[in-house]
Amino acid sequence: MDREAAIVGIGRTVFSKESGRTTLGMATEAVRNALADAGLSGTDVDGVVSFHLNDSVAAPEVGGAVGAYDLAFSLDIFGGGNVACLSISEAVEAVKTGRCETVVVFRSLNGRSGSRFGRGEDSPNLGGEFQFSAPNGYIIPPMWIGMWAQRHKEIYGTTAEDFGQIAITHRSHAVSNPHASQRKPITMDDYLSSRWIVEPFRLLDCCLETDGAVAVIVTSLERARDLRHAPIVPLASAEAHTHSSSWSQFEDLSTMYSHYAAKRLWSRSSLTPADVDVACLYDCFTYTALVTFEDYGFCGKGEAGAFYSEGRATYGGDIVVNPHGGLLSEGYIHGLNHHYEAVLQLRGQAGARQVDDAQVALVTAGAGPGGGAVLYGADGVDR
Amino acid sequence: MSTSSRDTVAQAAMRPRPQIDPDSAEFWRAASEEILTLSRCTECRCWAHPPRENCSQCGAPMNMERSSGVGVVYSYIVLHHDTIPGFANLLPLTIVLVEFEGGCRIPARYVGELDRATLVGSRVRAEFELIEDSAPALLVRLETDTAD
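Which chain is which? The protein sequence lines are A and B, in order.
Counting in this note's numbering, the first sequence runs from 829 upward without gaps.
Counting in this note's numbering, the second sequence runs from 146 upward without gaps.
Same shape as in the complex, but just chain B (with noise of 0.2 Å):
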């Protein structure tokens, strides 16, 4: 289990919450075990997210697969401000939108030194932050950062 260090328990719980439904029961499940899981189709083998039935290009069947957690990281903001709860002890904070299998994107908070200039475009591997009271939250590290 992965927990930052300057995080606790009490800020975690203050956190938004997923209204987790059918179609994502299966990801959240996944989650709780550290696991990245993507919808994809059972037919045309295309990747989708958020999860859903069907796919959207050939109508069949999707299930949830595990992604191999790397991904790239398309685009990134700095939270400087204090707005939503449960946040204050991180700031500043990096959230990158990372691009995993099929160009599915997911936000995840970045973990590491922030360098600006050369952030778009990095590999960077998927791990939950699963505390207690709330929900596992998506980090990401520079793969170069991540030991195998």
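Only chain A is shown next, with the shape it has when bound in the complex (with noise of 0.2 Å):
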């Protein structure tokens, strides 16, 4: 069997920064929500895939708990942000495939309150190639994102209010997101005097560590033609996961793991980056935003802040880049909240923050050397 998927269901918690939650208890209120979403039950799901690093709950549990109590296909992938997409792209191979009807996607974690990416007290003795870095504590995404946005920097001359006008930008938008953790406008006074985390790092440059949890429901095309909203189509899906998985021995430092997987993903469709409508860009920091905009072909390498500077990345411009806020101002799902977004706005469900006649979106998850990308489209875009 071959045929096509489609998102039908998406749900979600509140983001906070102490749910006082398992991360059970949450998935379940996001799966429930999001079969509400799409007029599903429980027993209408036989497949669950999660991702998680050992901070959540296995996805036949949360299957379990929506009363899915025999699923014919079951992923627990271990990672962050970099599987996310795949998370999404496994769920569609498996409906288009045949091997089951229905898939939930979840994320589920206390990013705030449990297990905190941006400290290192968890990891006293760390092996691998983190061993290295261990005894001078070179141990932390800012501290390694930090790193390749310096190199950026050296090779393009890209500057602090570079990194400015993508925090800016993104919390513009979350102004207009009722969901979003942080809606306060800043500008870029506010952003040049915001303390430093790691430089070049400021506190504005990091995404908001999140308690919360989003999922999505993803069925056959044909079956989605049936359900509650118009079908969201998966219309192209890559990935890349390079230089075996090394912070510091990958290529260029200056590019991502999306100078890989733009390729692939562009070779898959018939569209290009002219014709997407909304990006939601995994912005776990302002530079992973900058960098992958980038490697995606939205620019030239080096002309991102440009690029944002001019307007052009917001409404009234060339696309609009997280309209929902991103990690950086609505919350760190772990880059399933991109997906969230992307389906309400490619519906026309994003009331205040929709962008215009959006028939296209990409959304990315991953930085350094590994993560992917999906390219949505509405039902009946050409591929």
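What the hints contain is simulated information worked out from the structure, not anything from laboratory work.
All residues carry an ideal CB built from backbone N, CA and C; glycine is no exception.
A hint or two may mislead.
[Unchecked claim] One-sided and incomplete, this derived list gives chain B residues near chain A with beta-carbon spacing under 10 Å:
(1) 159
(2) 161
(3) 165
(4) 173
(5) 188
(6) 201
(7) 214
(8) 222
(9) 224
(10) 225
(11) 229
(12) 248
(13) 251
(14) 252
(15) 261
[As the list claims (entries may be wrong)] Derived contacts from chain A toward chain B, CB cut-off under 7 Å, selection only:
(16) 954
(17) 963
(18) 964
(19) 967
(20) 979
[Said to hold, decoys possible] Calculated from the model, a selection of chain B residues having no Cβ within reach of chain A, i.e. all distances over 12 Å:
(21) 160
(22) 187
(23) 208
(24) 215
(25) 219
(26) 266
(27) 268
(28) 280
(29) 288
(30) 290
(31) 291
Two chains, two separate frames, one set of hints: put the complex together.
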């Protein structure tokens, strides 16, 4: 069997700094919300996919929690943002090949009140390549990605203001998103006066560690057409997991995995970056959005800062990037919230932040050596 | 033995440590003698880091060989925020990513005056800081600052 698949349901919890709940409780709520959104019930689910870093609940537990006791497909992928798009793509492939009918993809974490990525307190003994970083404390994402960002600055003359434009733009979008964790507009002065975390990153370069869950439902396009909302179709996807997943030995630190994934992605579609109306870019840090925006071909290398500052990445420009505010301002659900937003935008249900006539959306996830992308379209869009 | 004057044994003991494995044991043994070693192919002679049993290019066995200890700064960051235990007394702290033989990159603590305009591309020389009850830490200084 080889059939088309579609996204038919999206659900989430509130995003907070301290949920006071289990990851099972939050995942179950997000999945129930997504099923209700689709007009499906738990007994329709025969596949569950999740990704986590030993900080969450396993896929079959969440299946069982909504009454799906016999899963034809269950997959827990070990990883963070680098596998968020892969998780969606695996669900899509499972439906396309007929391994199952309806797959739930979820991510649930207490990213703020539980295990925090921005701190090293849980990892006193580090193996693999990280052991060589351990004695100097070079062990957390803002350090590694800051190192890459500095390399980009050295090569392209990228400035603090270029990073600032991204923080300001994504925040300006979150102002119209009631679900966003941070909605107060910020200025360049606010950005430049925010405290250093790891130079070249200030506080406002860093995303918001968040408690919460997001779920997405995938089923066949044929079935999707009978459900509550217009189906949203994954048109193409691509992954790149490169250079042994090393944060230091990656060939050129002024690019990311996206340099490789972009070639695959665009070779699998007749569409080009110019056809994309909405981009939900993984923005764990401002720099991640900047460099992946370049790598995916929305502008040339070293040009993203100017693209943003000229207003071309927001309403009235060439493309709207992260209309929900992104990981920087909506919250850090490891990038699954970007898929939620893309679906909302392509359905035309994004309210005050709706992008006019949004037909094609790109969602990316990952930073550094590994990640992927999914290109979505409204039903009927040429792929 | 080179110890930073601001450092204390108590601080260093709080720092993260390597989980040493069979591939890395020789690296850490040499480091404890203040020698930087890198994995090198016995056949095609390419260098690799982290150490591994076999060459990813030709598949031949790899051995640990002594590095010249001289590298080039590829990029840097400056830590301002007290996040990782054991470094509070060193802030602000510059960490550099240094390219040694074969382009092998290893993060190191930079010791010396920080000139942001010239640091990337500078030649640096490696040394290890040995403090009891903590792992050997790779430090680098500008080659022009080190007396041979």
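Consistency of the hints with the structure:
The interface hint given for residue 159/B holds, since its Cβ lies 9 Å from the closest Cβ of chain A, which is under the 10 Å cut-off. Proximity of residue 161/B to chain A holds as hinted, the smallest CB-CB distance being about 4 Å (cut-off 10 Å). A distance limit of 10 Å between C-beta atoms decides the matter here; for residue 165/B the minimum to chain A is near 7 Å, and the interface restraint holds. Annotation: interface hint on residue 173/B holds; nearest CB of chain A at approximately 8 Å, less than 10 Å.
Look at residue 188/B: its Cβ only gets to about 20 Å from chain A, farther than 10 Å, so that hint breaks. Taking 10 Å as the C-beta cut-off, the interface hint given for residue 201/B holds, the closest approach to chain A being about 8 Å. Because the smallest distance between the Cβ of residue 214/B and any Cβ of chain A comes to about 15 Å, over 10 Å, the interface hint for this residue is violated. Hint on residue 222/B holds. Least Cβ distance to chain A is approximately 4 Å, under the 10 Å limit.
Given hint, residue 224/B at the interface with chain A, holds; its Cβ is 6 Å from that chain's nearest Cβ, closer than 10 Å. Using the Cβ-Cβ criterion of 10 Å, the hint placing residue 225/B at the interface with chain A is satisfied: the shortest such distance is roughly 4 Å. For the restraint placing residue 229/B at the interface with chain A, the shortest Cβ-Cβ distance is roughly 4 Å, inside the 10 Å limit, so the hint holds. Annotation: residue 248/B was flagged as interfacial toward chain A, and the flag holds, the nearest CB pair being 8 Å apart, inside 10 Å.
This hint holds: residue 251/B has a C-beta 6 Å from the nearest C-beta of chain A, less than the 10 Å allowed. Hint status for residue 252/B relative to chain A: holds, with the closest Cβ pair at about 4 Å, below 10 Å. For residue 261/B, the suggested interface contact is upheld, since its CB lies about 9 Å from the closest CB of chain A, less than 10 Å. The interface hint given for residue 954/A is met, as the beta carbon of that residue sits about 6 Å from the closest beta carbon of chain B, less than 7 Å.
Interface hint at residue 963/A: satisfied, since its Cβ lies 4 Å from the closest Cβ of chain B, which is below the 7 Å cut-off. Checking residue 964/A against chain B: minimum C-beta separation of about 5 Å stays under 7 Å; hint holds. At a threshold of 7 Å, the smallest CB-CB gap from residue 967/A to chain B is about 6 Å, leaving the interface hint in force. The beta carbon of residue 979/A comes within 4 Å of a beta carbon in chain B, closer than 7 Å, and the hint placing it at the interface holds.
For residue 160/B, the condition that its CB be more than 12 Å from all CB atoms of chain A is violated, with the nearest at approximately 6 Å. Against the 12 Å criterion, residue 187/B stays outside the reach of chain A, whose nearest CB is about 21 Å from its own CB. The Cβ of residue 208/B sits about 18 Å from the closest Cβ of chain A, beyond the 12 Å cut-off, so the non-interface label holds. No beta-carbon of chain A is positioned within 12 Å of the beta-carbon of residue 215/B; the least distance is around 18 Å.
Here residue 219/B does not stay apart from chain A, with its beta-carbon only about 7 Å from theirs, under the 12 Å limit. Distance to chain A contradicts residue 266/B as a non-interface residue, since its nearest Cβ pair spans about 8 Å, not more than 12 Å. Once the 12 Å rule is applied to beta carbons, residue 268/B is consistent with being away from chain A; the minimum gap is 16 Å. With a closest Cβ-Cβ approach of about 4 Å to chain A, residue 280/B is found to fall inside the 12 Å limit, against its non-interface label.
No beta-carbon of chain A comes within 12 Å of the beta-carbon of residue 288/B; the shortest separation is about 19 Å. A cut-off of 12 Å between C-beta atoms confirms that residue 290/B is not in contact with chain A; the least separation is 19 Å. Chain A leaves residue 291/B outside its interface by the beta-carbon criterion, the shortest separation being 19 Å against a cut-off of 12 Å.
The structure fails to meet hints 5, 7, 21, 25, 26, 28 from the earlier list, while all remaining hints are met.
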